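Throw the hints in and build the complete structure from the sequences for me.
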Amino acid sequence: SVFAGCTGLINIGNNLFNGCASAVNFNYAFDGCSALTNIGSGIFKGCVLAAAFSYTFRACKNLLALPSGMFSDVPGGAFTGVFQNCAALTELPAKLFTNCADANHFGGAFTGCSQLLSVPDGLFAGLSKVTYFGSVFSGCSSLKTVGTGVFAGCALAQTFSSAFYACRSLETVAKDIFKGCVEVTTFASTFYGCSSLTALPSFADCAKVTTFSYAFANCESLTKIDADAFADKALVTTFTYAFVNCTSLVS
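Position 129 of the sequence shown, counting from 1, maps to 206 under this note's numbering, and the rest follow consecutively.
Check each hint, because a few of them may be wrong.
What the hints assert, rightly or not - The list that follows gives simulated cross-link-like pairs (lysine-lysine, DSS-like), each with its CA atoms no further than 30 Å apart: (1) Lys252 to Lys310; (2) Lys301 to Lys285; (3) Lys138 to Lys122; (4) Lys138 to Lys221; (5) Lys172 to Lys285; (6) Lys206 to Lys301; (7) Lys206 to Lys310; (8) Lys285 to Lys252; (9) Lys221 to Lys172; (10) Lys206 to Lys122; (11) Lys206 to Lys221; (12) Lys172 to Lys206; (13) Lys122 to Lys172; (14) Lys206 to Lys252; (15) Lys252 to Lys301.
As the list claims (entries may be wrong) - Now the in silico label distances, taken between C-beta atoms and shown as ranges: (16) Thr315 to Gly96: 47 to 55 Å; (17) Leu141 to Thr314: 43 to 51 Å; (18) Tyr318 to Thr275: 33 to 41 Å; (19) Leu233 to Leu126: 15 to 23 Å; (20) Lys310 to Glu168: 29 to 37 Å; (21) Thr222 to Ser99: 38 to 46 Å; (22) Phe80 to Ala284: 43 to 51 Å; (23) Ala112 to Thr300: 41 to 49 Å; (24) Gly123 to Asp198: 45 to 53 Å; (25) Ser219 to Ser145: 18 to 26 Å; (26) Leu233 to Leu141: 29 to 37 Å; (27) Leu141 to Ala281: 35 to 43 Å.
Just so you know, these hints were derived from the structure itself, not from any lab.
Only a predicted model underlies this, so the values are computations on that prediction, with no experimental measurement involved.
Ideal placement from N, C-alpha and C gives every residue a C-beta, glycine not left out.
Okay, here's the thing in structure tokens:
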């Protein structure tokens, strides 16, 4: 929480924490820096032990962009709420977390990023230690597209509950976003209130799912569900209200 609450802070220069090789915890570092618009390059360069980024940039509501390699030297750990309520962000670097091999938690990471327009292909692909993606993009009300393989290979991920909750502008989700997510147990409310969504992704690799409750509730633009959409989901115990108020559904 080194700069938490610095509401007049506008710019972070290049290489701020460069070479801080023993630093582990950056939780809340810039939490509530509501005037912050720019993050310089190399901010975490050489931070090879950094493992805690929970709420690091939460409520930086004027932050316009993220440096593409800002976590390139970071092994990862918890990224809970790391960019929560960064309401001015419109896009994300495609390889933002590529090198974060030890990342384990992205709960609410981009919740409330209300101007975010798309999720790039493979954003979390191959992060094999992540267990939690709950509410990761919840409330991203301008989000229109989710690219291919976004969660591909996240083999330990257990929950995607409310992952895209109330993303009311979301129209297109790539079919393969959950490819290789073999340990998932819950998709509760995952796409709840995605009123512009036109088609479902595939759940073919998700054999351990136990619940789809409210998964597509209030998805008013859905017209069709593939015949095999939930085939071989032998462990599912509830589909409660999974498609409640899907008023355009015809088959």
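Cross-check of the supplied hints:
| no. | hint | result |
| --- | --- | --- |
| 1 | Lys252 to Lys310 | 18 Å, holds |
| 2 | Lys301 to Lys285 | 24 Å, holds |
| 3 | Lys138 to Lys122 | 24 Å, holds |
| 4 | Lys138 to Lys221 | 20 Å, holds |
| 5 | Lys172 to Lys285 | 29 Å, holds |
| 6 | Lys206 to Lys301 | 34 Å, violated |
| 7 | Lys206 to Lys310 | 23 Å, holds |
| 8 | Lys285 to Lys252 | 19 Å, holds |
| 9 | Lys221 to Lys172 | 20 Å, holds |
| 10 | Lys206 to Lys122 | 22 Å, holds |
| 11 | Lys206 to Lys221 | 28 Å, holds |
| 12 | Lys172 to Lys206 | 17 Å, holds |
| 13 | Lys122 to Lys172 | 15 Å, holds |
| 14 | Lys206 to Lys252 | 22 Å, holds |
| 15 | Lys252 to Lys301 | 14 Å, holds |
| 16 | Thr315 to Gly96: 47 to 55 Å | 51 Å, holds |
| 17 | Leu141 to Thr314: 43 to 51 Å | 44 Å, holds |
| 18 | Tyr318 to Thr275: 33 to 41 Å | 20 Å, violated |
| 19 | Leu233 to Leu126: 15 to 23 Å | 22 Å, holds |
| 20 | Lys310 to Glu168: 29 to 37 Å | 34 Å, holds |
| 21 | Thr222 to Ser99: 38 to 46 Å | 40 Å, holds |
| 22 | Phe80 to Ala284: 43 to 51 Å | 45 Å, holds |
| 23 | Ala112 to Thr300: 41 to 49 Å | 44 Å, holds |
| 24 | Gly123 to Asp198: 45 to 53 Å | 28 Å, violated |
| 25 | Ser219 to Ser145: 18 to 26 Å | 21 Å, holds |
| 26 | Leu233 to Leu141: 29 to 37 Å | 33 Å, holds |
| 27 | Leu141 to Ala281: 35 to 43 Å | 38 Å, holds |
Hint check: violations occur at hints 6, 18, 24; the rest are consistent with the structure.
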